[in-house]
Amino acid sequence: MTSDTVTLVGFMVLMFVMFYFLIIRPQQKRAKSQQAMLADLKRGDKIITIGGIFGVIEAIDEKSVVIKTESGAMLRLVRGGVAMKQEEEVSVQP
1 MTSDTVTLVG FMVLMFVMFY FLIIRPQQKR AKSQQAMLAD LKRGDKIITI GGIFGVIEAI
61 DEKSVVIKTE SGAMLRLVRG GVAMKQEEEV SVQP
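For the sequence shown, full-length UniProt numbering begins at 1 and goes up steadily by one.
Treat the hints with care, since some could be wrong.
[To be verified] Dumping the calculated DSS-like pairs for lysine-lysine here, alpha-carbon to alpha-carbon at most 30 Å:
| id | residue 1 | residue 2 |
| --- | --- | --- |
| 1 | Lys85 | Lys68 |
| 2 | Lys63 | Lys32 |
| 3 | Lys85 | Lys29 |
| 4 | Lys85 | Lys63 |
[Said to hold, decoys possible] Distance ranges between label pairs, derived from CB positions:
| id | residue 1 | residue 2 | range |
| --- | --- | --- | --- |
| 5 | Glu58 | Gln34 | 16 to 24 Å |
| 6 | Phe16 | Gly80 | 48 to 56 Å |
| 7 | Phe16 | Arg43 | 39 to 47 Å |
In short, the hints are calculated from the structure, not lab data. All C-beta atoms in this analysis are idealised placements derived from N, C-alpha and C, irrespective of residue type, glycine included.
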């Protein structure tokens with residue numbers, strides 16, 4: 001093997017390692033935390049859907065979630081349609 005070939009192979013390995021640590025690994029961490037959040041959902045949790053709808057979980061099963069919105073409407077979603085749990089709002093008293 002010539003030094004050019006060794007340099008090229010070393011550069012390719014370095015690029016793959018950088019790609020893994022900068023793109024693949026963080027994406028896997030986000031997916032794992034999303035799956036954990038979906039597994040921990042329970043009745044009464046305040047959530048935000050992928051479409052930006054705020055609601056409270058009324059019923060939940062393996063594949064779907066029924067939420068109640070602020071207007072009182074009941075919506076049934078695929079469980080994966082939940083983007084995140086809503087953070088508790090802190091009201092500041094003047």
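The hints, checked one at a time:
no. : hint                        : verdict
1   : Lys85 <-> Lys68             : holds (14 Å)
2   : Lys63 <-> Lys32             : holds (18 Å)
3   : Lys85 <-> Lys29             : holds (17 Å)
4   : Lys85 <-> Lys63             : holds (17 Å)
5   : Glu58 <-> Gln34: 16 to 24 Å : holds (22 Å)
6   : Phe16 <-> Gly80: 48 to 56 Å : violated (30 Å)
7   : Phe16 <-> Arg43: 39 to 47 Å : holds (45 Å)
The structure fails hint 6 only (numbered hints given earlier).
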